[in-house]
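Take each chain as given, in its own frame, and dock them per the hints.
Those protein sequence lines, which keep their order, are chains W and H. So the first sequence is residues 1 to 692, counted in the numbering used here. So the second sequence is residues 1 to 118, counted in the numbering used here.
Any given hint might turn out to be false.
Stated by the list, open to error - Cross-link-like lysine to aspartate or glutamate pairs, in silico, DMTMM-like; alpha carbons within 20 angstroms at most:
id	chain 1	residue 1	chain 2	residue 2
1	W	K645	H	E34
2	H	K73	W	E464
3	W	K645	H	E74
Since the hints were made in silico from the structure, they are not lab data.
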Amino acid sequence: MDQQTQDHGKQQRRVFSLNWVFSLAVAALVVAAVIGVGSVAQQHLRNSLHREVETRLVLEARNLAHVSADALLDEFPELSLMPMVQQIQEDRPELAFVVVLDHEGRIQGHADPRQFGQVFVEPAGLASVAGSAHDGNLRTSPDLIVASVAVQHRDGQELGMVLVGLRRSYVDDVVSRSRKALMMVSAILLVVGVFGAGALMHVMLRPVSVLKAGIARIGQGDLETPMNLQDRTELGMLAETVDEMAARIKASQTLMLEKNRLDHEMDLAHSIQVSLMPDRQIACGRFAAEGLYQAASEVGGDYFDAFELPGDKLGVFMADVAGKGLGGCLVTSMLAALVKARRDRYDSPAELLTALDRDLNGSLSPGVFVTAIYGILDPDRGRLTFASAAHCPLLLARPAMGVVEEYRSEGVPLGIIPHAIAASSYHDTTVLLGPGDLALLYTDGLTEAPRCGDGEEFGQARVEEILRRANGQGHGPVLESLQAAVTGWQGHESRFDDLTLLLVGCPGHVSKLPETSQVSGNAGNLIGDLKSEDELTQLTEGAMHLQVSARSGGSEQIGDWMKALMDASLGERDLGLLELALSEHINNVFEHGYLGRPGAEVDLWWYPATSEHALAGWVMVRDRGRSCPPASVEVPDLENSDVRKRGRGLGWALIRTLTEQLEYRTLLNIGNVCAIKPAVDVRTPEEEPLHV
Amino acid sequence: MSETFFITDGAQDGFTVLSLTGRLGADAATDLRETCMDRIEAGERTLVLDLRAVPFVASSGLGTFLYVNEMMKELGGRMVLAGVQPLVQDVLSLMNIDRFLNIVEDVDQVRRELTPAT
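If we strip away everything but chain H, and leave its shape as in the complex, we get (with noise of 0.2 angstroms):
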């Protein structure tokens, strides 16, 4: 059986959330990465990662959250991790890296920050 794993493309104010879907192993991750490089070399500095559909991510993926976001960051942008399952939390913090990344509760806490308060 093979792993099914999709990602949905949507522009909002400011930003743009890649809505993941699916177990984010391998091939997932080569798909993600490009994905992303096309978004920050069409010019997007931030990019919101929205990982509430992914219960799974393997190593593969661990490493393209480090490098989109080292990419952004040199670049002066900046990566987003909204909505990351529990499982996934706790591999990330297991490895220590989930402090080298962003990570918001949701996608909302994203907009409601870039949205001036009026």
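The following block holds chain W by itself, in its conformation from the complex (with noise of 0.2 angstroms):
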């Protein structure tokens, strides 16, 4: 039934009085009482009158007989029966007949002197009362009642017979006058208890009234007027607890005000915070970045922002505030502002973070921190250069090589430790995005959403496996398959964190390793298609073995062992060259594959050029730790001089042009495999002259 239908049924159902149903309720009961009990005292008081009736005829009926004793032994009984019996009728006129007869049934005394000697006829239809407790001297007829006594002597000879007849109309009608007797009591009786009955309700009920009122007040919003009933029944404390009821509901609707101010108030703060992100996807040459952000179930402190940059630039920031609620979306609007007006100052990724931290240091709460990593991406070249504040690692996926390249943060989170600290640990890191190739900035709410259940993280290793299988895709669905697979994991617990993603890459296409990393012949072939230990053993069988440990530039061992294998197809310096090239790799492999663990060891496989192996003349380096190929590392704008004057990340570039071919694969059980085919008898560019 719909509202519409119950406010009708409300409108059109009668409403009794409580006081006049309880009125008449106890009008009717006081009613059917007077009536039953006056019934059965007219009853009981008829039955009385009618053996009060018949006993004093019956003594009357003695009394005569015992006086007309001595009378009918006279010789004249006559003379002082007559004058007793009209005395006994004058007397008793509701008396039909009083007679003494003799013992021959003569009237001897009767009221009217001319029956006087006449035999007695009886009236007709005399018939003895059964049950009665004068059997045998009182007989009745529809008219009469008679009761008749036998006159006997003193020796017990019986002298004759008294018959008294009474009218049955006298006796209807002493009854008669009774019960309008009992019908006016009981009438009064019956007026009094209607009216008393109603007073009695009427003030009984008067609670009713007021908590009626009082309610009724409620029911229009009045939560504050208290009924304030002094009444000791049950309706008193029902009129104390709706008193307290109301209380309650007033308090409840103060709070749930409150709470609806507050909600608005949040509701505000994270539509601000919405605004503050891009909804759309931001395209810059052939490159885009397009995020999401899923807030939690209260406002959350994350934020990302994609812009443009002068230069032609695009410029992607992620944040993530330490604390929810209106504090950290506070911080995150002020960082918002401040990225903003900053932004278009700085080259660098570092600088801008350290701008940001010496901005925020001192105007944080204790216990709030902010971590964030910055980017900015030179579109024409494809280097995305970063630096990050403690955030969660970028991950760079190449789904042609079906890597995915980890870059862990080395800042402190902003605004927690003195300024000076900070801005030390704060460093630019450049990769090269090539076609298909994607960077993924994210919050802790992707990787440590708990799992419904059991509570496991989420995990870096799952975000990996979904960005390796993006090889093609768009943003737009490698976005959608994190965010469902992360809503899959948390299956129906609400969520406690954001989700923010922000993807940056060249959309919709795969990649392909640069020229440099290409190998001729089937040498790429070869290595590439290594499945095992076994494979690589075999691969490798005829050639010259070292192992090393990886350190820091790499090892003389490399050039000593070069030495002793005398391999003719290479003069002194084409030697010293490939040395410095092998030693750059092992070096790499030591600060960015194993993250400079000292001792992790790296194998070299030398194939002579003099051999008939496929790989002659090639040099192959295995290693175990992070895959880091050359394709991921810019080479240096050395025009630059601020790159010259960084004096970093020249390894990859050395390498490269000390080496006629390169091939770099990151091989499942096996590890990574780099072939190296050195340059021989490489030309020097011609020399410019020197200014000293």
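This is the structure we're talking about:
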């Protein structure tokens, strides 16, 4: 039933006054009681009267028989009996007749003297009364009640008979009068009872009226006027309960209003936070950035932005403020404003983070800090330079190679430690984004999302697996895949932390290795097809092997080893340059593959040029660290004095310069394999004049 | 076997010669950078790196050469590489960074250029 029908039914329903209902009910009970009691009393009275009249009639007959005994022994009994009977008749007009008979049945006493000596003829229709206490003395007819008593001498001789007849109408008249009196009393009782019941109900049900009025006030929204019903019955307790209930409803309403106000403010804060983040793909040349923000059950502290920078570059920023609610949202808004104000001033992400740390230092409440990552993409060169302040690692998916590279932050969070120390921890890192490569920036709401049930975190490995499969997909599908995976992982549990993702890359293209990484002939296939350590052993059969511990700067062992091999195809200069290239590669493996962990092993195999092996003239290096393919590292632009001043990042450029061909593969169960074909007799560019 | 590398700090008339001995790898490059910065902070504006005894320079060493060179240029000074060995010279040339550096045959050439003709 819909609301309208319910309202209609409510309007049509008649309401009966409880006062009237109770009054009528009590009045009905009083009437029934009075009538019932009256009927019983009347019946009882009638029976009593009958018994009394009969008893008196018999007694009168006996008295008359007693006084008539002596008279009947006289010679002329009529002389005393006649006046006596006449006197009785005069005194008792209700008697139909009084007769004294002699032993022959002749009338000796009668009110009518003319009847003297006549044989008495009894009225017709007389019959004994069954069950009467005066059985034998009393007979009745429809009109009469007749008592007959024998007149006896002292010696027991029967002298005659006395008959006294009473008109039944007299009895009925007496009963009728009694009934009228009873009815009068009953009627008075009835009236008193009905009015008394009404008055009593009115008094007793007065609290109901007060309750009704009070509840009606509550229904109309007045929760502040108490009923204050001074009543000691259950109705008084009910009124107190209703007053308390109204007070609680009032308190709940106040709380609810406060909560609604807070919810409204939180909605506003959420709207502001969402408005800070782009809701569309930001394109820059052939690259684009696209983000996704899914709020937690409360306003979180995540924030991302993608924007164009001077020089046709693309900026991407992401931050995670420790702390949720309005506080976190305010810091996020402040951070967004700072980034917007400062981003055009800095070409270096590390410098922007340094500036932000200076701005935030001292501005944040104790315990509040911000992790952030900022990247600048040069779309012409495909270079993404980024710096991180303790933010989640940047993941770089290179689908063509089936690898996902991880770049962990070396910086400290913004605004948490003295600025001078924090500033020195921010460094720029540059990676090359090839076609199809995707860089993912995210917050810990992705990797730390707990699984419904056991709370296991989603983890970075699952993220990497999704990215690894994202070959050729656009930004949107990859973001949706990540979101769907995390949502499915969490099940029906409400999201505790924000989910914030930002993808940067060249959408819709499948990556190809740069020319410098292509292997001529079938050499690339040989190492690319390796599936197991046994196959590697077969491939390296006949090659010269050296195992060294990776460490900073490569290893002097390599130079000695190569000289000992005395490969005639390489001159001393070529050997020196190859030693340098291999040392650089091992140094990279140490720093980036093994993350500076000492003692990790690197295998080298030398295939002499004079051999008939398919890899003749190649050197193969194998490590088991993280994948760090040379294609991911940019060639430093040495024309830029700032690049020269940094004085870093020349390693891979040197390797490429000193090698004729290079192939890098990350292989399951084997590790990273880098095949290098050294440059033979590489020519030096024409020297320019020296200026001292 | 660890690399053996050391720096001999020798003050000359009007300039400082840092004589390097050993393979200039990553750790050695860090030492060299710190030594050069110490000399620059001490006020030295002509720094000569004598590379006669350096047979091997890794990329970190090349980066250090560029870094110190740019620092000196900003401060109005200069860094000079002297006695560069053939393999190192080849690397500088192949990387095409020798054009940013001042390279001389030996330390004496620097001294001659700085000493006015009498």
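So, going through the hints one by one against the coordinates:
Taking the CA atoms of K645 of chain W and E34 of chain H, the gap is near 15 angstroms; set against the 20 angstroms cutoff, the hint holds. Taking the CA atoms of K73 of chain H and E464 of chain W, the gap is about 45 angstroms. The hint is violated against a cut of 20 angstroms. Taking the CA atoms of K645 of chain W and E74 of chain H, the gap is about 10 angstroms. The hint holds against a cut of 20 angstroms.
In summary, the one numbered hint that this structure violates is 2.
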